[in-house]
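Colleague: The chain contents come next:
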Amino acid sequence: MSAEAVLLPGPDGGYGTDDDRVGPADPLRFVRRRFDGHYPIDPFGGDPQLQDLLAPIGRLTLPVRVEGPGRLPEIGPALLVVNRGLGLAEPVALYQAVRREVGRRLRVVGIPDLPFVGDGLRKLGSVAQYPEDLGAVLRAGHLAALPLAHTWLRQGAGTPPVRMLVAALGFPVYPVAMVPIGPLGLPIAGWRVRIGEPIRLDVERGSGDPLAAAELAEAARLAVDDLLIGD
Amino acid sequence: MRVLITGMGGELGTRTAQLLEALPEVTEIHGVDFVPPRRRLRHAEFRRMDLRDRERLATYVQEIAPTHIAHFGVYEPHARTTPRQSAAFTEATTVAVLGAATRTGALERVAVRSGLVVYGRDRGQPAVPDESSPVLPTTPFGRSCLEVEAVAVGLGRRHGFPVTALRMAPIGGSHIPSPLGRVLRLPAVPVPALADPAFSLVHQDDAARAMVAALRSDHDGPLNVVGPGAASVWQAVRLGNRVPIPVVGPAWSAATRATEFAGAPMPPHVVELLRRGRTADGTTAIEVLGLGPLASTQAVCAELFEWATVSAIRPDAAVAV
Chain A
1 MSAEAVLLPG PDGGYGTDDD RVGPADPLRF VRRRFDGHYP IDPFGGDPQL QDLLAPIGRL
61 TLPVRVEGPG RLPEIGPALL VVNRGLGLAE PVALYQAVRR EVGRRLRVVG IPDLPFVGDG
121 LRKLGSVAQY PEDLGAVLRA GHLAALPLAH TWLRQGAGTP PVRMLVAALG FPVYPVAMVP
181 IGPLGLPIAG WRVRIGEPIR LDVERGSGDP LAAAELAEAA RLAVDDLLIG D
Chain B
1 MRVLITGMGG ELGTRTAQLL EALPEVTEIH GVDFVPPRRR LRHAEFRRMD LRDRERLATY
61 VQEIAPTHIA HFGVYEPHAR TTPRQSAAFT EATTVAVLGA ATRTGALERV AVRSGLVVYG
121 RDRGQPAVPD ESSPVLPTTP FGRSCLEVEA VAVGLGRRHG FPVTALRMAP IGGSHIPSPL
181 GRVLRLPAVP VPALADPAFS LVHQDDAARA MVAALRSDHD GPLNVVGPGA ASVWQAVRLG
241 NRVPIPVVGP AWSAATRATE FAGAPMPPHV VELLRRGRTA DGTTAIEVLG LGPLASTQAV
301 CAELFEWATV SAIRPDAAVA V
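Order-wise, the sequence lines are chains A and B. For what it's worth, our numbering labels the leading residue of the first sequence as 1, then goes sequentially. For what it's worth, our numbering labels the leading residue of the second sequence as 1, then goes sequentially.
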């Protein structure tokens with residue numbers, strides 16, 4: 001697929017919202033629109049108005065401090081590769097950081113295929129852990145986050161999912177480290193988000209080269225590790 | 001270009017014939033179906049016949065010796081036919097028409113109507129499949145579509161002609177008979193109680209345009225034809241100002257019987273859509289076929305509900321046409 005083939009997300013995701021840029025929350029309008037069905041659903045099942053409505057809650061519960069926010073792309077497709085512990089805290093904190101710094105909706109990869117839980121997370125902008133889904137998100141011009149494997153006690157970066165990175169070949173990939181702020185590595189005072197330099201790899205988009213994906217995976221893991229140690 | 005349109009009696013077949021009539025490179029248009037076309041055609045020729053009469057169908061196709069086939073002879077259960085009829089018609093038309101056309105040696109290209117149903121919605125299938133995703137149909141219509149694709153692709157490989165399978169999202173519009181449209185237009189619609197899956201639709205005109213573009217392109221392989229954006233099941237129901245009836249697990253079979261009683265039978269692929277959703281990545285088709293802007297899913301959904309109910313004209317009312 002050529003570079004021109006990537007569509008930039010349009011300003012109108014339906015009903016005056018944008019499915020890439022965040023918008024203001026308006027609870028009254030939200031309720032009215034729920035009732036008459038006039039609200040947008042993006043192609044991945046996300047609900048932009050619900051996201052805007054719930055964003056202040058996330059902002060209060062998960063404070064974030066971002067290092068290198070200038071590196072986050074303001075427009076166009078990109079993948080953030082991020083470390084995580086056991087729970088959902090890191091992806092949610094990163095979602096908040098991206099929302100605050102560049103005003104974009106982050107698509108976190110890896111929702112479980114479960115009724116209710118999976119559906120709720122999909123509405124909040126997550127996508128399932130399939131290369132096809134990640135590929136579609138990037139081709140549609142969105143910013144996605146791919147968490148590495150879970151790590152107990154958050155020591156170092158986890159194993160990167162090589163199968164998923166095949167879909168990211170040819171797109172800009174940024175390493176991101178999430179460091180908890182607080183004693184004993186507990187995120188009492190929130191999260192420090194370190195954004196690294198993009199990883200450059202000379203591969204064509206959509207080549208599906210598994211070896212290149214493995215190289216990208218290794219590079220991403222090392223980069224996240226470096227950012228984690230970088231105190 | 002000598003085009004044969006199977007399923008010309010349907011909304012899509014008729015519309016495709018109309019679009020082809022406007023093209024200078026199309027010299028002849030022939031069509032076959034079990035019902036006559038739904039709109040006026042200027043020079044396309046139509047033959048009405050029983051599609052299960054394989055011999056007659058094959059003779060007819062051999063007489064025409066088409067260079068291009070637009071295969072709309074893929075009948076969705078409960079759209080215009082019963083599930084049993086639709087399977088029989090689909091199988092008979094595919095085998096007889098494609099087989100006979102291959103024998104003439106004139107065939108250059110085939111485009112078949114397929115559906116996103118071929119991907120299936122089993123656990124472990126991506127939510128937004130692209131054309132490279134594995135096909136694991138989970139419903140009778142999905143298996144039917146996949147068989148049609150397999151027959152066409154098999155013949156194409158052996159006899160050296162390209163085949164484009166257009167995997168279309170459920171087709172919506174103001175006139176098209178579709179089981180999903182009928183269910184959504186009921187006053188009360190069954191929806192999953194614990195989920196709100198997303199689905200995409202494609203407008204009938206866009207589906208016909210995609211078929212014409214596929215006949216003129218040189219693409220070989222499947223393409224997802226999907227309207228941009230998505231709608232969720234709960235939202236679609238409210239968009240039409242209908243009452244959502246939450247349904248869980250085993251109650252779906254009762255819901256299926258209830259909607260059938262209300263005049264909108266739900267075949268398994270429609271139940272699957274309501275319970276698990278159905279979307280796909282359609283960017284490749286837009287790029288390869290040069291489709292330009294397509295009607296968005298929500299626009300198609302809104303049009304579905306704008307279909308006014310048929311009202312009888314009072315005998316004393318003056319009718320001006």
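Bear in mind the hints are in silico, worked out from the structure with no lab data behind them. All residues carry an ideal CB built from backbone N, CA and C; glycine is no exception. Check each hint, because a few of them may be wrong.
[Stated by the list, open to error] Pairwise CB distance ranges (calculated):
# : chain 1 : residue 1 : chain 2 : residue 2 : range
1 : B       : 291       : A       : 23        : 23 to 33 Å
2 : B       : 257       : A       : 115       : 19 to 29 Å
3 : A       : 149       : B       : 306       : 43 to 53 Å
Colleague: Hints first: check each against the structure and report whether it holds.
Modeller: Now for the hints, and whether the structure bears them out:
no. : hint                      : in the structure
1   : B/291 - A/23: 23 to 33 Å  : holds (29 Å)
2   : B/257 - A/115: 19 to 29 Å : holds (23 Å)
3   : A/149 - B/306: 43 to 53 Å : holds (50 Å)
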